[in-house]
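Colleague: Spelled out from the first residue to the last, the chains are:
Protein chains: 2
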Amino acid sequence: MEIRLTSNEVIQLRKDDSIFSALKEAGIYLVASCGGKGTCGKCKVKVIEGNFEADSYGKLTGEEKKSGLVLACQTFPLADIRIAIPKESRLVIGDKIAISKTKDLVAYLKSYGVGLNPFVRTMSLKLPPPTITDNIGDLDRLKRALAEQGINSMGFRHGSIAAMGKTLREADWTVELAYIEDPDDGREAVSIYPSAQEGSNYGLAVDIGTTTVVVYLADLKTGEVIDIGSTYNSQIRFGDDVITRIVHATEGGGLQELKDAVVSDINTITDSLVEKHSIDPAMIQAASIAGNTTMAHIFWGLDPGSIREMPYIPELNSFPLWRASTAGLSINPEGRVYTFPCIASYVGGDIVAGVLASKMTRSEELALFMDIGTNGEIAIGNNEWIMTAACSAGPCFEGSGIKCGMRATPGAIESVIIDPVTLDPSIRVIGGGSPLGICGSGMIDAISEMLLTGIIDQKGKFLEGKSDRIRRGEDSPEYVIFSDRRLEKDIVLSEIDIENLLRAKAAVYSGISTLITEAGLAMDAIERVYVAGGFGNYLNIGKAVLIGMIPDIPEERYTFMGNTSITGAYLCLLSKELRNEAAEIASKMTYVELSVSKMFMDEYVSALFLPHTNMNLFPSVAARLMLP
Amino acid sequence: MEIRLTSNEVIQLRKDDSIFSALKEAGIYLVASCGGKGTCGKCKVKVIEGNFEADSYGKLTGEEKKSGLVLACQTFPLADIRIAIPKESRLVIGDKIAISKTKDLVAYLKSYGVGLNPFVRTMSLKLPPPTITDNIGDLDRLKRALAEQGINSMGFRHGSIAAMGKTLREADWTVELAYIEDPDDGREAVSIYPSAQEGSNYGLAVDIGTTTVVVYLADLKTGEVIDIGSTYNSQIRFGDDVITRIVHATEGGGLQELKDAVVSDINTITDSLVEKHSIDPAMIQAASIAGNTTMAHIFWGLDPGSIREMPYIPELNSFPLWRASTAGLSINPEGRVYTFPCIASYVGGDIVAGVLASKMTRSEELALFMDIGTNGEIAIGNNEWIMTAACSAGPCFEGSGIKCGMRATPGAIESVIIDPVTLDPSIRVIGGGSPLGICGSGMIDAISEMLLTGIIDQKGKFLEGKSDRIRRGEDSPEYVIFSDRRLEKDIVLSEIDIENLLRAKAAVYSGISTLITEAGLAMDAIERVYVAGGFGNYLNIGKAVLIGMIPDIPEERYTFMGNTSITGAYLCLLSKELRNEAAEIASKMTYVELSVSKMFMDEYVSALFLPHTNMNLFPSVAARLMLP
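So the sequence lines, in the order shown, correspond to chains E and B. If you read the first sequence in my numbering, its first letter stands for residue 61, the second for the next number, and so on. If you read the second sequence in my numbering, its first letter stands for residue 61, the second for the next number, and so on.
Everything labelled a hint here was simulated from the structure, so no lab data went into it. Don't take each hint at face value.
Each pair may be met inside one copy or between any two copies, as identical chains are not told apart.
[To be verified] Straight-line alpha carbon distances no greater than 30 Å define the calculated BS3-like cross-link-like pairs of lysine-lysine that follow:
no.: 1; residue 1: Lys203; residue 2: Lys636
no.: 2; residue 1: Lys203; residue 2: Lys119
no.: 3; residue 1: Lys521; residue 2: Lys336
no.: 4; residue 1: Lys170; residue 2: Lys156
no.: 5; residue 1: Lys636; residue 2: Lys161
no.: 6; residue 1: Lys126; residue 2: Lys106
no.: 7; residue 1: Lys203; residue 2: Lys319
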């Protein structure tokens with residue numbers, strides 16, 4: 061028997077295999093925080109054709125069942141079957157392109173001029189066995205051996221030594237002691253295990269994005285990334301953006317639901333990684349977490365409520381090195397978790413991680429760092445000063461609030477070119493095939509092309525009658541980008557969509573210009589722009605300049621950084637010096653609260669224009685539009 | 061309706077009251093770790109007469125049911141009823157005699173020249189509320205306020221600040237911070253609560269005896285003991301002495317059972333105390349635990365297995381200040397628990413507590429400290445040195461292994477005088493009434509009287525025919541101390557009993573003489589003897605000397621100290637200086653392992669005689685026995 065995917069990939073199936081286990085064997089992992097017991101309801105797949113037997117439908121709704129959804133772990137094909145895997149069900153383990161990028165991380169870490177210095181370190185101890193005359197207790201014996209190595213203070217939490225007596229005797233008094241050195245708490249033991257035990261000391265670098273969760277499994281002794289995994293943040297089912305999540309968190313039980321969702325995402329990835337590489341999860345003793353302020357609070361089960369209430373003060377900006385068991389991570393319960401410091405309610409640890417990863421604070425060069433994802437954050441500065449702000453761009457570049465919007469995943473229109481004569485568009489779709497919607501970079505392309513070809517004016521309004529593709533939509537005029545008779549729905553961009561995008565790009569640009577002005581500088585002082593986030597991968601700089609979203613400075617000054625949050629998490633997992641540097645970056649960052657800034661409001665209004673009311677700021681665009 | 065107890069106390073009963081709740085209302089507390097839900101099976105009482113309805117018999121065995129036992133919480137009298145309360149079911153809360161003794165504890169603490177300095181302290185903090193310009197996070201705000209008071213480092217575990225944001229806002233930014241100052245871990249927050257909240261900061265002093273558990277509830281701000289409670293250590297059902305408990309602990313699941321048993325005992329007492337005094341258990345933020353090495357290990361769920369295996373090394377001699385939630389105590393989960401340091405496998409924290417409570421290490425006077433309970437421990441020394449040993453006296457003074465032996469509880473013969481002419485005994489029974497058995501002090505009395513009256517010889521053998529009361533017993537000759545036709549069984553002391561007691565007293569005496577000899581001193585160098593433990597309360601010094609159990613030195617040098625373990629626990633709950641002193645005592649104590657000492661074996665054999673083979677050591681006894 062075989063399973064055929066919508067991608068036309070074909071997977072062989074043994075009798076009595078569930079769809080879940082057949083896919084897993086073929087290296088296609090599904091989200092299943094229950095481990096495939098039918099209780100978490102996350103491993104949904106859609107059966108398009110073929111007979112099957114389902115042991116249970118778990119928590120699936122009647123509507124979901126009607127649409128053909130089944131739980132992969134509870135469903136057993138009776139013959140060849142064809143299925144579709146919703147992207148939310150997919151756990152990406154060992155993404156080859158992404159892994160290839162991690163090959164250079166050890167070198168990148170070393171390029172900072174620091175050595176490997178993970179925050180959970182190990183040391184070997186060979187203790188003399190007790191005798192009637194050398195009769196001190198086990199812990200005192202351990203402490204004496206430490207003192208002989210010059211270590212005179214070490215805290216021992218209960219969990220770190222609960223099994224010590226047995227371990228020492230079984231290991232013939234030759235053990236490894238894993239411990240942390242924490243600036244706040246001093247030295248503390250994490251675990252004691254036999255020196256003879258196989259396996260290294262491992263750690264996780266984790267990026268908790270509002271939309272996606274990425275995990276790197278790294279060997280703390282070599283710094284190498286062994287494998288990576290990613291999935292959608294399951295919190296999405298409670299809302300797309302941080303505000304709806306905060307609202308949900310402040311409702312009865314909501315905080316725990318959100319925490320459980322993201323922790324189970326990380327655990328599902330981790331469980332798959334350790335299984336794939338036959339690693340004892342107890343040997344993963346450290347995790348480094350980067351996420352925005354809301355994500356970090358929810359991860360630790362801390363109330364994020366005050367984040368959205370004046371004066372927008374989070375409970376924690378810096379996080380102690382709490383234990384993995386407190387977080388609920390499925391690694392060594394005594395393993396410690398480093399959480400990136402946050403700057404303010406809307407500028408979080410992901411940005412500190414990104415700034416660290418960009419090295420902008422190590423150079424005299426004036427740089428702009430921007431991470432435009434579900435939220436938009438920017439930082440401007442160099443090795444002497446750094447200012448930061450949240451742009452409140454809103455999630456429309458991620459597809460939210462846009463009629464045909466979607467995330468930058470397969471099926472999304474990522475690029476649009478409009479013929480200046482026929483005014484017909486040609487498009488490029490991520491992953492090829494028929495488009496399902498349009499993602500952020502596609503939207504920016506479309507708007508800039510519509511502006512260049514005169515389909516819209518500088519206010520973002522359609523010039524009606526200019527093209528057959530402009531039509532009356534339900535709520536406002538719209539331009540048809542793609543139409544296919546087989547599809548129920550055309551892919552369009554409406555005037556209301558464009559208004560939303562104008563507000564978003566204005567927020568980004570005016571955030572940048574406010575910070576630059578606050579610093580007493582002009583836009584062209586920016587010598588380098590680091591573009592981070594998934595969005596950055598597909599962004600066409602020229603077109604983003606054309607719509608006035610980013611400064612009109614030479615394109616060679618722009619550098620795409622990819623996911624800087626996970627890079628920063630990796631760096632701090634492995635280097636004490638870089639953790640200190642992250643703390644220093646956080647303490648140096650001056651946060652500007654744009655929501656109460658008069659200057660920002662003025663800048664914002666000026667930026668609600670294509671590209672801007674002050675065309676002097678966009679000389680290259682003025683030239684292209686042939687404006688005076 | 062009414063309940064009549066065997067003590068003839070009468071308790072009124074409302075309709076639909078369970079026996080449990082009627083007794084509780086009358087101030088008679090039963091052990092019920094489930095809170096009276098019928099699941100723990102501990103609140104057994106025996107119905108002697110009267111009709112009742114039982115909702116359930118829980119875990120009672122068929123045999124128990126047949127004997128009239130019911131669960132008090134599940135049993136509802138239908139008419140007047142007469143019951144007996146087994147001592148194991150009884151929780152003693154607010155024992156008036158014991159409480160009266162605690163009145164002087166604050167003065168006693170002060171007599172050490174130290175102030176109140178509990179290990180969980182509180183400080184008041186008034187924080188400025190956050191504003192748009194003063195926009196640091198809550199924890200940084202708290203840390204800033206601490207820094208203003210000169211406190212620049214404080215650790216914050218997750219539990220101590222999980223609800224911080226809400227608390228700060230509800231308390232209008234005016235809060236109390238409870239924290240510890242730990243020599244190992246530095247300063248750490250315990251809890252944050254509104255300054256306006258009612259109630260003080262409370263702590264528990266706990267003595268975990270092998271047989272009984274005693275809890276003092278103290279006000280940490282005044283040092284006063286608010287109330288006390290005690291109960292039998294429920295571990296008894298797994299064995300009477302530490303060895304059987306250790307064996308049980310090393311069998312599957314046994315350790316957890318033992319831990320749960322004693323923790324639920326402490327919790328049952330604590331729950332009753334807080335209910336009686338309307339105290340929020342979250343305001344109990346500290347506990348100080350004294351127990352022997354095995355009890356301390358089991359309390360923390362640590363494997364005590366190595367304690368009984370050569371070379372008898374426990375896992376822990378000193379215990380970090382772990383959290384109440386780790387122990388499972390029903391107080392503030394973040395509250396910290398101080399555990400007395402232990403010296404060796406068989407000289408534990410209860411002895412360190414006792415030595416501290418005796419003040420013997422504060423004086424030049426050479427003192428002997430002895431605690432003869434289920435186990436026997438001794439210490440000899442002064443302010444310059446101190447030696448200690450475990451006597452392995454065995455539990456026979458507690459009634460175990462003695463035909464008619466019992467603990468020193470109501471019904472026990474505590475004193476015996478034998479008429480030198482008629483050779484008939486007169487007895488005194490604890491609590492009056494007919495005797496149920498004989499306790500340690502009664503046994504010592506009986507042996508010394510039998511020796512004085514020539515019923516036994518110096519080897520402990522009966523001179524047959526000497527008295528009608530000497531008869532052939534099942535296994536050996538025996539002396540009938542009490543006979544009552546209504547009783548099924550006479551109360552006797554057999555030759556085998558006497559052999560056991562001789563071994564026990566020889567172990568105690570030879571332990572003392574070994575330590576004295578090791579120190580290069582003679583018995584009469586001992587200037588002061590502190591007798592601790594429940595046993596001490598009833599001990600007749602003269603008679604204990606007569607049988608050669610304790611040194612033949614003037615009686616005025618003996619001081620009865622009562623339960624020094626709980627006194628020490630109280631002292632360390634309230635004074636940092638005394639915790640340091642306890643640590644110093646523990647580090648100064650030289651432990652002598654008697655089980656491998658040749659000298660001890662020689663001394664022991666010499667002491668298996670009444671009073672001793674070397675009569676020069678017992679001049680006063682020689683005089684009374686009119687020996688040459």
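Colleague: Indicate, hint by hint, whether the structure satisfies it.
Modeller: Each hint, compared with the structure:
Taking the shortest alpha-carbon separations for Lys203 and Lys636, both the intra-copy value of 24 Å and the inter-copy value of 23 Å come in at or below 30 Å. Neither within a single protomer nor between protomers do Lys203 and Lys119 lie at most 30 Å apart by alpha-carbon distance, with minima of 52 Å and 45 Å respectively. For a Cα distance limit of 30 Å, the shortest separation of Lys521 from Lys336 qualifies neither inside one copy, at 54 Å, nor across copies, at 75 Å. Taking the shortest Cα distances, Lys170 and Lys156 sit within 30 Å of each other inside one copy (23 Å), while across copies they are farther apart (71 Å).
In this homomeric assembly, Lys636 and Lys161 come within 30 Å of each other (Cα to Cα) only inside a single copy, at 23 Å, whereas the closest approach across copies is 56 Å. For the homomeric pair Lys126 and Lys106, the shortest alpha-carbon distance inside one copy (10 Å) is at most 30 Å, but the shortest distance between copies (63 Å) is not. Within a single copy, Lys203 and Lys319 get their C-alpha atoms only as close as 37 Å, which misses the 30 Å cut-off; across copies the closest is 26 Å, which meets it.
When the structure is compared with the earlier hints, violations turn up for hints 2, 3 and for no others.
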